[in-house]
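Undergrad: Chains as they are written, first to last, in UniProt numbering: chain A, 1 to 229; chain B, 1 to 619; chain C, 1 to 217; chain D, 1 to 194; chain E, 1 to 357.
Treat the hints as calculated values from the structure; they're not laboratory data.
You can trust all of the hints, since none of them are fake.
Chain A is faced by these chain C residues, among others (derived, beta-carbon under 10 Å): (1) Lys-8; (2) Leu-12; (3) Leu-13; (4) Phe-16; (5) Thr-21; (6) Leu-23; (7) Val-27; (8) Glu-28; (9) Leu-30; (10) Lys-32; (11) Glu-33; (12) Glu-37; (13) Gln-38; (14) Gln-39.
Glycine included, each C-beta is placed from N, C-alpha and C at the ideal position.
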Amino acid sequence: MSEFKTLTKQGLWENNPALVQLLGLCPLLAVTASVTNALGLGLATLFVLIGSNITVSLVRQWVPQEIRIPVFVMVIATFVTIIQLLMNAYVYQLYQTLGIFIPLIVTNCAIIGRAEAYASKNKWNYAAVDGLMMGLGFAAVLVVLGGLREVLGNGTLFDGAELLLGEWAKQLRIELFSLDYPLLLAILPPGAFIGMGFIIAIKNRIDAKRAQLHKTEKTVTRARVTAES
Amino acid sequence: MQDIKQFVESGQIARFPGGIHPPERKQPASEQPLSRVPYAAELILPLRQHIGLSGQCTVAVGERVLKGQPLTDAALHQGLPLHAPTSGTVKAIEQRPMSHASGLPEQAIIISPDGEDEWRERHPLVDYQQHDKAELLDIIQAAGVAGLGGAGFPTSQKLAQQKPVSYLIINGVECEPYICADDRLMREYAQAIVLGMRILAYITGADTTLLAIEDNKPEAIESMRVAIAEYDDIELRVVPTKYPSGGEKQLIQLLTGHEVPSKQLPIEMGIIMQNVGTAFAVKEAVIDDKPLIERVVTLTGECIEHPGNVWAPLGTPVDALLDYAGFKPEKDQRVIMGGPMMGFTLPITAVPVVKTTNCILVPSKQELPPPGDEMACIRCGACAEVCPASLQPQQLQWLAKAKDYPALEENNLFDCIECGACAFVCPSEIPLVHYYRQAKSQIRNQAREQAKAELAKQRFEARQARLEREKEERLERHRKAAEARKQMQQQQAEEAPQQEASHDGKSSAVAAAIARAKAKKAAQEGGNAAAEQPTGSQPEEKSKKSAAVAAAIERAKAKKAAQQAASESEAGADRSAGSEASDEATAQPRPAQDKSAAVAAAIARAKKKKQARDQEDKQ
Amino acid sequence: MTLNSMQKNGLLLGLFALVSTGLVLGVEALTKEAIGEQQRAQTLASLNEIIPPTLHDNDLYHSCGLLSEPALSEQPVPVYRGYLAGEPSALAVEAVAPNGYSGKIRLLVAIKPSGEVLGVRTLQHQETPGLGDKIEKQKSDWITSFAGKRLRSQDDERWAVQRDGGMFDQFTGATITPRAVVGAVKSATWYLQQNSTQLFQTSLPNCHSALEGESHE
Amino acid sequence: MSFVVGLLAIGALALIFGLILGFAAIKFKVESDPIVEQIDEILPQTQCGQCGYPGCRPYAEAIANGDEINKCPPGGEATIKKLADLMGVEAKPLDSAHGEESVKKVAVIREDECIGCTKCIQACPVDAILGAAKQMHTVIEHECTGCDLCVEPCPVDCIDMVEVETKPETWQWNLDSVKQNIYKADTIPVKVVE
Amino acid sequence: MSFKVAAAPHGHSQKKTNQVMAWVVFALIPGVLIQSYFFGWGVWFQILIAVSVAYLSESICVWARERSARQALRDNTALVTAVLLAISIPPLAPWWIIVIGTLFSIVVVKQVYGGMGQNIFNPAMAGYVLLLISFPVQMTHWLPAAPIAPYDLGIWQTLHTIIFEYTPSGYDVEQLRTTIDGISMATPLDGVKTALDQGQILAEAYQQPMMASLAGIGWQWLNLGFLLGGAILLQQRVIRWHIPVGFLAGLLIPSFLAHIFAPSVMPGPVFHALSGATMLGAFFIATDPVSAATSDRGRLLFGLLIGVLVWIIRTWGGYPDAVAFAVLLANLCVPIIDRYTRPTVYGHHVGAKHDTE
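Chain A on its own, in the form it takes in the complex (with noise of 0.2 Å):
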């Protein structure tokens, strides 16, 4: 399998920062109440983190071992911030229901994850590709959450889209049921962390189950200790 299927793979599935890393839970938790919240906080995530991994892939070489982290965060930090500055300048009312979540992007342990562990160790196009699948995964998790919370609490789906993606997006918006009585529970935080257990739970069960079915039968061959000699 080539490294970018792998790092796919990786970033969608097996290794998928919100579900088995369990990192950047906070801002998850936060910002999951709806679609258009989630989506917006995962595309914002997914930016930083392909600038994040490329850069500091780019920079590896120079920079030491005792000052890595440091670096890093300034990385991040910088990214973040510009993202910040253009979110308020374009897409203001997003800018103002995300706005406090942003800045906690930067202290997103998924990306500092990702920085740490494969940027700062490979080359920057596989980089690029690692903070993309990492980001899209981290976005899936969030649009998967959102969706959820938003049906269960509002009975709708991509309420608000125009917030994010301009006018058009208004038609996106679906209505499945009127719910005269909300459930409040899906769009407290107490319903992300239980939605977001449900959905790492169903993971957990997909993966049990395509562990059975694919159980093929490799075998290991023994290394003897003792080769003759």
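Chain A is fixed; fit chains B, C, D and E onto it per the hints.
TA: Below, chains B, C, D and E alone, put in the same frame as chain A:
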């Protein structure tokens, strides 16, 4: 120490935490006088009756033995000998199921009694005080006396501790339901027990002897009170009925108000404890020269017609005892050796009475209903309430199920005395003690494996070091051989130009080429025969034969290396390049060249692989 | 060795810091304009909702003055003054309800010089979604129920939620949020009614420079 | 102006922290934790090679470098659990590709069939086989790790892997096994002790 | 001949888990009778729905987890959870409220955590909190007690209201709890809290129509009914005294002290003891062994913690009653409580070692 003294002198009885009051059910067995079981058709005497090594068998199959004759010698580490319970012939020495919860087979001496009950020669002691302690200890050991209350630890070994003893505690508590063997013994043999106590006190040098009896045995208390009346230094302590007051640690707490520190023995507190049955056996061994060949066993339970206590010769099969008392088994009958709380079930009754067998209990389903389905723990805490060791049984249970052994040890699993109080009260009917026993044995096994792994590691490392050393020595030999050859060739090469100095340049070049070829051939031969013909420069030459073997191995190796090298095209190129090298290079011994070729091939392979990967990266 | 390592690390880290900060500052300079525009647009949108264009012909946004008034808020709040044909026509002020269910609620309250409430909008809040957030215009019309109301006296009993015997509906399940909003609007309206003439006349410090600075915190 | 001030302030801060870090890196350097040693301690030291590495130590090194912890059948569940604790990862079931956890075994040489070729002696990683060329060999039972590496090289197939006998001390309180134990007692050939 | 092999001990005391649970349900009867007298037939329907849903969902979960359903259902824990939840919610709450609550209690709080004995939270209270957070409107719609209720609902009307959310004659619950003069009636706890929040003093707050001599009309008797049930449990040794005593001490001592210092704004201990879910919480909810501390000392502390939390939340919190929140918070503290109240094991006393020297 001072505290203990104060407490004991005040005559108080302390209390221990937890404990339970299961139905006692000592009657009707306790009301029947002791009777004697006739000798069974065969007596089964397992060689190992206690923890530790078993002694060596001193009799042979077919041999006639007399009553009280030793059948094994005392093993190492103060083991105990085994004695013939009656006269008869040794029928067999074979594997028989043990009187153990596992039912594992164990080597046993089988004796068929001849009915004559003929004693060996006996040497009764008139006045034990005439003999010193060491002598008495020897007698006790030779008589095979073991603790009759619990684990069957050799009594002589327990008494031989070189520590000052202030209190000798004689345990007549017998707190488990049903069991009344000690009760009966105290009622009928009070004088003998007191004499045994005197001997024990004499040996240990204890200042005071404390005799503890539970308050549900008024007759035994009375008869012992009369028997000890004349001794000032024996005090009777009546303890309230509560299970497990008879546990060593609990009884010490009751009588002294102090706990035995964890992982220490009571002797560290100046206390030694013996069972009343043991005291009786000591008296018989010392005064009557009667080794431990029989003991009192309670036969009880609703599935027995005539419950009671019997003198049972050691080795009597349980089925013989049950026949004697009238056994009416029901469906799924349980036969329990020991009491209902700590005893174990016997899968078959063809197992013998051993030194620690105090009770055979055959309950009906009504009196001791078999456990229902195990339900989940609801953390009700009933178990913690009754635990006499103040453990948290529900916690231990979870950890045991999770096999979290470090946490179990941290939660003091090994302070559990397996009394079964927790499982008795558990509303979810969880067999708690069973889980602890499994966990304990697994922890012990792991420790054993750990030790074994450590040993294996040391041996493996030693072996690696040895192999490394041998390899270096071999290389050293090869190097020396190669040097010797090189010298030889140089000599030849020097001689050749001298011989052909008279020829002209052209012919000299041809000659040189021939010489080179010759040298090469010679070198090859030399290489092949390197081990075969070590030059005189190797004084530590081994025998010709071993050298030949080594040479054969070398040849095989060289061949293999050559095959490997040939299979690689790059290696082939390298080799051809090598052959174009100077004379000196070609003059190197062949195997070495092959080896270097192989190495070169391996490097080439690695390079190629890397290239391939780089290319892939670029793509 | 120590010195060498210190020098190298210090300089490198410093270099990275300079580059990063430079980048951020650069982007900030580029987006400054757009951000200011956005905020203006936002405030204007709210203002225009409650002070319709028929009621003013001046630039509301730039008619803003900063008012320090403890009765409204601890911090100075912006006041917007609308004029129609040079005559004072509307007055809007930012009010803060400090006792919301989860924290402060920022409101925009506008009245006519006559004292009639023009309208109220919620600018910012953290009330429970699905319950307290009905004070948002997008979620519920409740906030518009203030329009056209008048305050008779400082303790006008009708200015309370129904549960407390007033004229404002409380939405089902939540009492605290509407109670807080009604209270804040009441005191803001009272203040505006009492001081409207004065507010149109006095010159107040311009609020925009300060406001924009705030948004970057 | 604020532009320059910001740049200078951050730059200076970074410079100072960089200096501190550079200082700390030299001053507080600690030798790395010998994790390999700790892993090696946990492995059962059978040196059986079922993990795919020649010996326990190479596998310990591999684990330290990120290899899976579930490749050691002789250690089984207990070892995996300890490794998981040490490495701070989730314990997982034994990778069956490397073999199954089985009862402990020891090698036993059928001595009358042994031709004394010494091949098993060379194969034994812990030197638990005694013997010399053309002489009968035998296994030192308590030093045998049960790795079965000696079985294959034997030209006459005279080595058996025999389950270690359960003794009361090593019995694991498995009540289901009790009946089997009895059964075993019945079938064990009677051996007379001289 | 071969005999049965079994693990020691071979005897057993006769109290089993399912019997313990059955006793809990039995002891609830006085309270439930009083509740149905004052608050109508609703409670019986709620119990009926809750128990059916509980058993159904438990069966499905146990089946999905491939365990023996018979054994899981036999232990009566689902019954206890269902009944406790059913009597905690307003009797006229729509049917889907109790269904969602019971499902959450059984499926998420109990079975997902591993079934009986594994749940760290009290299932009934976790379900209650879910409902309270998600559906605050329905969950706070208690009708006034019978003597002051503007309407008297029969069985049929009650059932109709639970199913359709309005009576056959078209009143919804909000209207049912509103008196003729247009004031909707709150529970005593809520009423007093609201009055105090509005700056009234206690004496004024107590003037409200739902108040009685000791505490609220109906509620005081309801609490006494559960107190009686608690006495039965104690007498039967189903529960031990530590948790209830700790709970009541934790609630009553602070309220007594506060009442002394600020008699005009702090309700006294009698009001606290006989309002809301005090007695139900003290004897039936906090005493759930699975999610409580295990040692006696730990249980006393656990109860005390709940009591103090109830008082704090009732006094300063956003919700009128607090038993459910307090219990869940205390559940979280159980591992710590257990850790620090572990009794010293035999032979490990500090003095023990010293003695040997």
